[in-house]
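If you want the building blocks of each chain, they are given just below.
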Amino acid sequence: MNSYVVKSGGLHESERFDPLKLHGSLMAACLAVRSLEGEAHMVAQKITEKVIDWLDSKTEVTSNDVRRIAANNLQTYQPEAAYIYETYKDIL
Amino acid sequence: MAKKIFDYDLLVIGSGAGGSIAASIVARQGKRVALVEANALGGDSANFGDVPTGAMLNVARIFSEAKGASKFGIRSNAIGYNYPTIKAWKEKVVARTSSGGGKRYYQSLGVTVIPGSAHFISPHEVSVNRRHISAEHILIASGAQWGLPKVSGIDKVDFLTPASALELIRPPKSLFVIGGGAVGLEFARLFSSFGSKVYVGEIAPRLLPREDQEVGELAAKVLSEEYGIKPLTETRVIRVSKEAMAKRVTFLRGREEHSVKVEEILLATGKTPQVDIGLENAGVEYSPLGIEVNDHLQTSAKHIYAAGDVLGGFGLTHVALMESRIVAHNILNKNKVTPNYQSIPRITYIEPEIASVGMSEDDLIKRDLAFNKAVVPLGIVGRSVISDTRDGFVKVLADKKSGRILGATVASPSAGEIIHELTLAIQHNLTAKDIANTMHAFPSWSEAVRVACAKI
Chain A
805 MNSYVVKSGG LHESERFDPL KLHGSLMAAC LAVRSLEGEA HMVAQKITEK VIDWLDSKTE
865 VTSNDVRRIA ANNLQTYQPE AAYIYETYKD IL
Chain B
6 MAKKIFDYDL LVIGSGAGGS IAASIVARQG KRVALVEANA LGGDSANFGD VPTGAMLNVA
66 RIFSEAKGAS KFGIRSNAIG YNYPTIKAWK EKVVARTSSG GGKRYYQSLG VTVIPGSAHF
126 ISPHEVSVNR RHISAEHILI ASGAQWGLPK VSGIDKVDFL TPASALELIR PPKSLFVIGG
186 GAVGLEFARL FSSFGSKVYV GEIAPRLLPR EDQEVGELAA KVLSEEYGIK PLTETRVIRV
246 SKEAMAKRVT FLRGREEHSV KVEEILLATG KTPQVDIGLE NAGVEYSPLG IEVNDHLQTS
306 AKHIYAAGDV LGGFGLTHVA LMESRIVAHN ILNKNKVTPN YQSIPRITYI EPEIASVGMS
366 EDDLIKRDLA FNKAVVPLGI VGRSVISDTR DGFVKVLADK KSGRILGATV ASPSAGEIIH
426 ELTLAIQHNL TAKDIANTMH AFPSWSEAVR VACAKI
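Heads up: the protein sequence lines correspond to chains A and B, in order.
No gaps in the numbering here: position 83 of the first sequence is 887 in the working numbering, and each next residue is one more.
No gaps in the numbering here: position 334 of the second sequence is 339 in the working numbering, and each next residue is one more.
Mixed in with the good hints there might be a few duds.
[Claimed, not checked] Straight line, CA to CA, 25 angstroms or less: simulated DSS-like cross-link-like pairs of lysine-lysine:
no. : chain 1 : residue 1 : chain 2 : residue 2
1   : A       : Lys811    : A       : Lys862
2   : B       : Lys97     : A       : Lys862
3   : B       : Lys161    : A       : Lys854
4   : B       : Lys108    : B       : Lys97
5   : A       : Lys854    : B       : Lys97
[What the hints assert, rightly or not] Negatives, chain B to chain A, calculated, CB over 10 angstroms:
no. : residue
6   : Trp94
7   : Leu114
8   : Arg135
9   : Glu248
For the record, the hints were derived by calculation from the structure and aren't laboratory data.
For each residue, glycine too, the CB sits at the ideal point set by N, CA and C.
With these hints in hand, go ahead and build the complete structure from the sequences.
Shown next as structure tokens:
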């Protein structure tokens, strides 16, 4: 996978998509709503895989895109975590 | 405030019918235009849709006519076909057609062609292969792709789409077409001509459910009697599964579960607009049904326009072309114009060819409009006797008070040509009497149009 993520606004500098970074922020959102660590890891893993699938045909997207796709998918598994993930994007 | 400097005056996403015309018109006015194409130049219709399908259907029609020509004294017992050669012909037609969409053509107009997928990263900027391109105006003509129906197991079997069906190395021995609309029937008719056993599953009570009832009934009769196709109306496909080298299709019909084993399954249940291009980053509002636009084809971001299948409307190439012209006009001029959707001709390439325009009888009833109708069987005109073709009719619907033509259907050979007389009539508010008083040549299929109008 060779997708790049450009920060929305600013100078449009981009960096290679980092699945671990996404996984970490999803884990944090799940743990924030008191999910068990194992469950949080499993959900974060599933969502990260879905985002990777979505990125498959894309060379460059924005950080907002990654957040939106992740949040939409998280809604299915952990609606409360999805709310936290969307609302506190600067913290996570 | 200084005007922002953009790389281009117009950036067009998609080189199909919705994008190509606008790119050409705007470039001819000396504007800087870029055209981004993720797939083959010319878009879906020219490369994977109308053109290659039309080429194959034309061969199928000639083959069927030749096989049935013995009644005219032509010896046709030994007639056969060579499928690879038919496919080569299809490729040749596509190559010829795409000359209008070729890179050289755009270069001659000064249009910069950029291969790759476009993704919005801001309202005036897209990324294509990590190259950031900005434009004052953007036209989204990203088209649509064949959607997956909600059928259990569909993600676990190999299925055909109308595009991939054209790439088969031979016609399938048996085929189940899910969807009895225009495209589904065209493929049913295509493969049945070459010997496939074809089933068509349609959830509505008749084939071609968007057309008048007579059309669906005629299509079912001709396709089953002449081509051996099995039309399954009021049929909901509920499950598909692999069965050795074949596939099993399970469906509900009349509350009973049935199943058939076929070699291939073709999905023809409709297209889904291609909206996964970062529209959120540009502030463009959309739904799964398509991009929302105003009367001038502007999106919620006023400098961004949309045209063609991405609007989720008609899915017709000629509608996309009209919208593309309108977008070009509205970008170049202050007096903005709106598209007219009142007189859109629709054609289904089966035998007899089906063409319709304007409102259907169902539309008129739903809107509670008072109307007169006349239906004339094709058999009444001399051309029918000459060619021994009787299946078909002309139906005209006119306003009860004024006689103005509101809708029409033609089911006959060359219906796709005949319909334009009625399209012109609707576009210019002509009455049935105007057409009835116009001389029509003898012998011609169009005589049936005159007779139908005289009966109103």
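Worksheet item: Is it the case that Glu248 (chain B) keeps its Cβ farther than 10 angstroms from each residue Cβ in chain A?
Response: holds, 29 angstroms
Worksheet item: Hey, does Arg135 (chain B) actually stay past 10 angstroms from chain A on C-beta?
Response: violated, 5 angstroms
Discussion item. Lys108 (chain B) and Lys97 (chain B) were given as a pair; does the straight-line alpha-carbon distance stay at or below 25 angstroms?
Written reply: Roughly 18 angstroms separates the two Cα atoms, so the pair holds.
Worksheet entry | Separation of Leu114 (chain B) from chain A, once the least beta-carbon distance is taken, above 10 angstroms | holds, 27 angstroms
Worksheet entry | Hint consistency between Lys854 (chain A) and Lys97 (chain B) [alpha-carbon to alpha-carbon, up to 25 angstroms] | violated, 40 angstroms
Item to complete: Would you mind confirming whether the straight-line C-alpha gap from Lys811 (chain A) to Lys862 (chain A) stays at or under 25 angstroms?
Response: holds, 16 angstroms
Fill in: Satisfaction of hint between Lys862 (chain A) and Lys97 (chain B), Cα-Cα up to 25 angstroms
violated, 32 angstroms
Practice prompt. For the pair supplied as a hint, Lys161 (chain B) and Lys854 (chain A), confirm whether the alpha-carbon distance does not exceed 25 angstroms.
Written response: Roughly 18 angstroms between the alpha carbons, so the hint for Lys161 (chain B) and Lys854 (chain A) holds.
Fill in: Verdict on Trp94 (chain B) as a residue remote from chain A, using beta-carbon distances over 10 angstroms
Trp94 (chain B) is indeed farther than 10 angstroms from all Cβ atoms of chain A, at 32 angstroms.
The structure shown violates the earlier hints numbered 2, 5 and 8.
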